[in-house]
Amino acid sequence: MKGFKREIDTVIREARRLIKEKKYHRAISELERHKAHSRDVEYFLLLAEAYEKIGNEEKAEEYFEQARFLEAAIKSREQLKKSHFLIKKKDYVKAREALLKAISLDPFEPQVYKELYKLYKKQGLKKEAARVLKNLITIAPYSEYPYLELAGHYYSTGNYEKVNQILSQGIEKIKTPSFLYESAGFYQLIGELEIAEDLLRKAIIQQPKNLDYRQKLVDVLVGLGRMEEALEVLDETLKLYPESPYLLQGIATVYEMMGEDEKAEFFMRKAVAEADSFIREDSLRMLADFLIEKGKIDQAEEVLLEIVDTAESSWLVVDAFVELALICIGQERAELVFKTAKKILRSNILTEEETLEILEVLADVLESEGYMFSAKKVYNWIINRSKDEKQLKRCYTNVTRLSEIISLEKMWKKRD
Numbered sequence: 001m002k003g004f005k006r007e008i009d010t011v012i013r014e015a016r017r018l019i020k021e022k023k024y025h026r027a028i029s030e031l032e033r034h035k036a037h038s039r040d041v042e043y044f045l046l047l048a049e050a051y052e053k054i055g056n057e058e059k060a061e062e063y064f065e066q067a068r069f070l071e072a073a074i075k076s077r078e079q080l081k082k083s084h085f086l087i088k089k090k091d092y093v094k095a096r097e098a099l100l101k102a103i104s105l106d107p108f109e110p111q112v113y114k115e116l117y118k119l120y121k122k123q124g125l126k127k128e129a130a131r132v133l134k135n136l137i138t139i140a141p142y143s144e145y146p147y148l149e150l151a152g153h154y155y156s157t158g159n160y161e162k163v164n165q166i167l168s169q170g171i172e173k174i175k176t177p178s179f180l181y182e183s184a185g186f187y188q189l190i191g192e193l194e195i196a197e198d199l200l201r202k203a204i205i206q207q208p209k210n211l212d213y214r215q216k217l218v219d220v221l222v223g224l225g226r227m228e229e230a231l232e233v234l235d236e237t238l239k240l241y242p243e244s245p246y247l248l249q250g251i252a253t254v255y256e257m258m259g260e261d262e263k264a265e266f267f268m269r270k271a272v273a274e275a276d277s278f279i280r281e282d283s284l285r286m287l288a289d290f291l292i293e294k295g296k297i298d299q300a301e302e303v304l305l306e307i308v309d310t311a312e313s314s315w316l317v318v319d320a321f322v323e324l325a326l327i328c329i330g331q332e333r334a335e336l337v338f339k340t341a342k343k344i345l346r347s348n349i350l351t352e353e354e355t356l357e358i359l360e361v362l363a364d365v366l367e368s369e370g371y372m373f374s375a376k377k378v379y380n381w382i383i384n385r386s387k388d389e390k391q392l393k394r395c396y397t398n399v400t401r402l403s404e405i406i407s408l409e410k411m412w413k414k415r416d
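By the numbering used here, the letter at position 201 of the sequence shown is numbered 201, and the numbering carries on one by one without gaps.
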């Protein structure tokens, strides 16, 4: 690029010399050979001057006009850069002035409108932001950005008719799969599922292996109550990605919605078997929730203990422990809760907040088992360390209640 710039600079110097020597035709010939690649204002001014000298006023005016447009575009970009600096300083008033000046200099540069839109949006000026998007559609009618942003604006205001109007306007001009997919998402949100389905199928024709497009189509078909068709799409997609745990989860979810629990559980377990790392953890959590909901408590317990033993995500370990504690309390099996809590606390994978959450559950179990002094001690330990206001409030309430119970017990023992 630098070499090309040096070449143009050389051409300009040579053209200046030729014009000074009144060799206008040679200057024009030299300049015209590089015209398609030049973005230099002086370059076009020299061409205009040379044509003017040989009496070709029409060509001279044409190149003078190009020089003016180019100069305006350069100054417009300078204002755009200036606006970036001002926005970083949070001087939004001057940034807006710079962007409006940039538009006045070059009203056909889409990037300036985008920046002005973002500025108005940042300031919460919704009407002004929408107006800028409409202007952007006018100058860049084949750009996806303004249609999608304006559709989002109207969706946020609840004007679904306008959402449809803007997207329809865009779809007439833009047939890219990405635009069809994003538009389908809006139609899904406003309840126009048949339109969403049509757009997604068109997007999939263009990009048949796109997993996002296929998953969105499944969601839409489920929303339409067409479960068998949703399964067909999932089965077709599974052939493309035979080892995808998320697809197996999706199939399981549809079967569960259809009331076919055996098939649902089969595909959930298959997802666990096919997955590894955090995806396996997600599949285990899904299976545990399913088993608890279906009353298969013993199997759910096994899965929850597996999560505790194998999960690398500390929040998932805490979540599994809480579920396990609820199961064990209902079955008067506090010992397993204590044993599991001990294992988790020794693992050193928890944050301080998660450690306190585990201890609070442990205190609740201690209280339910009648270990009032121990429960109170744990609650106080949490109070001395927690920064969570809700947790502190719960623990203070529990300590107050336990203190009253312990006091009453002592009083009754004295009477006895």
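Some hints here could point you the wrong way.
What the hints assert, rightly or not - Keeping only pairs whose Cα atoms sit at most 20 angstroms apart, straight-line, the calculated SDA-like set for lysine to any residue is:
1. Lys162 with Lys209
2. Lys294 with Glu323
3. Lys134 with Asp91
4. Lys126 with Thr138
5. Lys59 with Gly124
6. Lys82 with Lys59
7. Lys53 with Ser29
8. Lys59 with His25
9. Lys339 with Cys328
10. Lys343 with Leu326
11. Lys294 with Met257
12. Lys390 with Leu408
13. Lys127 with Tyr92
14. Lys162 with Asn210
15. Lys118 with Asn135
16. Lys410 with Glu389
17. Lys377 with Glu389
18. Lys23 with Asn56
19. Lys173 with Phe108
20. Lys263 with Glu274
21. Lys23 with Val11
22. Lys343 with Asp309
23. Lys89 with Phe69
24. Lys339 with Asp364
25. Lys202 with Ser178
26. Lys127 with Lys88
27. Lys343 with Glu323
28. Lys126 with Thr157
29. Lys94 with Asn56
30. Lys101 with Phe69
31. Lys175 with Glu144
32. Lys122 with Gln165
33. Lys393 with Glu409
34. Lys88 with Gly124
35. Lys81 with Glu97
36. Lys175 with Gln165
37. Lys173 with Lys209
Honestly, the hints are just simulated from the structure, not real lab data.
Check each numbered hint against the structure and report the violated ones by number, ascending. The structure conflicts with hints 1, 3, 5, 6, 12, 14, 16, 23, 26, 29, 32, 33, 37, although it agrees with all the remaining ones.
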